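> Given chain A's structure and the hints, the job is docking chain B onto it.
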Amino acid sequence: MTYILVLEQILNGLQFGVMLFLMAAGLTLVFGVMGLINLAHGSLYMVGAFAAAAVAGWTGSFLLALIASLAAAAAAGALMELVVIRRLYRRDHLDQVLATFALILIFSEGTRWLFGSFPLFLDVPPYLSGPVTLPGGIEYPLYRLAIILIGLAIAAGLFLLIARTRIGIQIRAGEADREMIAALGVDISKLYTLVFALGAALAGLAGALVGAIQSVQVGMGEPVLILAFVVIVIGGIGSIKGALAGALLVGMTDTLGGVFLPRLFTLFMEPASAASAGASLASMLIYILMAGVLLVRPSGLYGGSA
Amino acid sequence: MKTIRMLAMAAAVPALAAAAQADTKIGMITTLSGGGAGLGVDVRDGFMLAIEQDGRDGVEVVIEDDQRKPDAAVQIADRMIQSEKVDILTGIIWSNLAMAVVPAATAQGVFYLSPNAGPSALAGKRCHPNYFNVAWQNDNLHEAAGAYANEAGLKNSFILAPNYPAGKDALTGYKRMYGGELAGEIYTKLGQTDYAAEIAQIRASGADSVYFFLPGGMGISFLKQYAGSGVDLPVVGPAFSFDQGILQAVGDAALGVKNTSQWNKDIDNAANAGFVAAFQEKYGRLPSLYASQGFDTANLILSALDKAEPADQDAFRSALKAAEFASVRGDFKFGDNHHPVQDIYVREVIKEGDVYTNKIIATGLSDHADAYAGECKM
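Listed in order, the protein sequences are those of chains A and B.
Those letters in the first sequence? Residues 1 to 306, by my numbering.
Those letters in the second sequence? Residues 1 to 378, by my numbering.
Same shape as in the complex, but just chain A (with noise of 0.2 Å):
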């Protein structure tokens, strides 16, 4: 094992977790201001994917289709607040759940009608394709280092927008009293759609940048949400910088126990069943962390009083 396996392997995580934190981030805005549990997150996420393979089949062009991505998810998440979203609010979670669970069935199916069964083609663009050479001798695809950057930017772009907007002031006001900054004449309905269209936009822009290297299917939102799910309680429910402590945490504990966990088991065992026992206990590794976290702070990383 050399310091460069280990390099890339911490970028390898570094880009799983920024990847985890645009679909977390919308996840943890519209519980921490609406009180909603949305399990349909992950259809958005399908949604920018597929939207974003559409028009690159259309114009060949990978820019036009990830603000294809952002403007579909973002109408679809507002559509569906407008929908069916507006009238659970006030209902308790189980409803919430039943509801967007039914939404999941709604998109996965519907999406199949539109586009067919079978995955589609979308590819990452000749001048993000190939590996680059970092410092150090590390081989890196140019492409995995331009979603960490574009991930961080993002990051840092919501944290402004959370911190020094007047959005961002009546978010953080919705999410400590929702009464109150209504009754202060905030439209809350339009700031509801608002943060809805907001979440599902970042989570259309994650599946097109992810989709552009794995397969574009239906059902390919779900596996992801489990995760996003992860994150946002490591993390504490509602905040932002929750949300990216928690999808860091999560995507290197994962990315380094799947690759570490096997290797070290080898120490002690035959390498075939290393290999087996080692990836049945490293695909359990987050979970465990959740439950670490749990332990020591109830109610996450960030979670404050809630």
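Some clues are possibly wrong.
Said to hold, decoys possible - Derived coverage of chain B by chain A (criterion: at least 3 residues anywhere in the stretch with Cβ under 8 Å from a Cβ of chain A; other residues may be distant):
#1 177-187
#2 234-248
Unchecked claim - Cβ-Cβ distance ranges computed for the label pairs, FRET-style:
#3 A:Trp-113 to B:Asp-252: 25 to 35 Å
#4 B:Pro-129 to A:Arg-86: 52 to 62 Å
#5 A:Trp-58 to B:Gly-109: 47 to 57 Å
#6 A:Thr-266 to B:Ala-152: 26 to 36 Å
#7 B:Ile-350 to A:Ile-169: 56 to 66 Å
#8 B:Glu-151 to A:Leu-79: 35 to 45 Å
#9 A:Trp-113 to B:Gly-256: 47 to 57 Å
#10 B:Asp-331 to A:Met-269: 41 to 51 Å
#11 A:Val-97 to B:Asp-252: 55 to 65 Å
#12 A:Asp-187 to B:Asp-252: 42 to 52 Å
#13 A:Ser-299 to B:Tyr-283: 48 to 58 Å
Unchecked claim - To give an idea of the chain B side of the interface with chain A (calculated C-beta under 8 Å), a few residues:
#14 Thr-193
#15 Gly-217
#16 Lys-224
#17 Gln-225
FYI, nobody ran anything at the bench for these hints, they're computed from the structure.
Just so we're clear, the structure is a prediction, and the values are computed from it rather than from any experiment.
Just so it is clear, CB atoms sit at the ideal spot from N, CA and C, and this is done for glycine as well.
Relative to the frame of chain A, chain B by itself:
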């Protein structure tokens, strides 16, 4: 849950003759929704094409969607056996679903013909006279890949597969035939979509080739990421990651990859040429190996129905075992454990015009039977 009923009708047959002959009911349980739907759709389309081409009266096919869930598959199978009174079951794609459904179905006296899944248990200790596999035993394509690796002079393979029963069968199958060293062996998570960590390990391992079994979307992700990583070791895989349905989604990243399959569209025989042309005409896409397996399964059933009724179990079973139908694979016969003994080919991914597809470049294993036949006592 949607039920599609199709009554294959031949207009010319007089109603009286049809009434005299008992109807044969075939239940198809397959995956038509969710992430794995492409495979089930192909099996169904291939199967129904054969039924339609045959056009005989008195064969009814009931199709239901298992959503890739074992519990749903078991429920559907129970309903089909108990209330629909099907004579034959078929259609299951996934090994874990097959393990949940097949032993119970065959124990109730129903015939089960597998158009895809071939778990090792059903080929060996738990084989059953009423269970026939028309596709392959799970290990087969991987064994052929191992044999091909020896022939291609590969000496230090890095192998990976998902951590579930078929993934373990896959690496076991590869290692059974492959004679070289292993640079590394990894089990990934089932449904994993990011392979950056694995690719970094491949890069650091000093391997001379990569063998992977990652069916469906997992394979698409792996190949795209592998192509972007700058690692350019030769890749070998089974046909499942290079079938017609997903090649278009992988694109250039798959070009030139060698993969093993018991079928390809360029196998030279009349049945295959007719199948490829008819499938393309009816569905507007090239058939995949799953479609070919569905097509063969239906033709096998029809050939057995020519000789016997399913109610006469012994006669129908020996008619199935005889396998006297024109398989799109060319020669086809069953071994003693009712699994195919067949040639397995090495294919290469090529581009024909705008369409990515495969062409056969060699025969990996000839008249190959599975390794579990000896454990089957029936």
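> Work down the list of hints and note, for each, if the structure agrees.
Hints, one by one, checked against the model:
| no. | hint | result |
| --- | --- | --- |
| 1 | 177-187 | holds (count 4) |
| 2 | 234-248 | holds (count 3) |
| 3 | A:Trp-113 to B:Asp-252: 25 to 35 Å | holds (29 Å) |
| 4 | B:Pro-129 to A:Arg-86: 52 to 62 Å | holds (60 Å) |
| 5 | A:Trp-58 to B:Gly-109: 47 to 57 Å | holds (55 Å) |
| 6 | A:Thr-266 to B:Ala-152: 26 to 36 Å | holds (28 Å) |
| 7 | B:Ile-350 to A:Ile-169: 56 to 66 Å | holds (59 Å) |
| 8 | B:Glu-151 to A:Leu-79: 35 to 45 Å | violated (57 Å) |
| 9 | A:Trp-113 to B:Gly-256: 47 to 57 Å | violated (35 Å) |
| 10 | B:Asp-331 to A:Met-269: 41 to 51 Å | holds (44 Å) |
| 11 | A:Val-97 to B:Asp-252: 55 to 65 Å | violated (42 Å) |
| 12 | A:Asp-187 to B:Asp-252: 42 to 52 Å | holds (50 Å) |
| 13 | A:Ser-299 to B:Tyr-283: 48 to 58 Å | holds (54 Å) |
| 14 | Thr-193 | holds (5 Å) |
| 15 | Gly-217 | holds (4 Å) |
| 16 | Lys-224 | holds (5 Å) |
| 17 | Gln-225 | holds (5 Å) |
When each numbered hint is compared with the structure, violations occur for hints 8, 9, 11.
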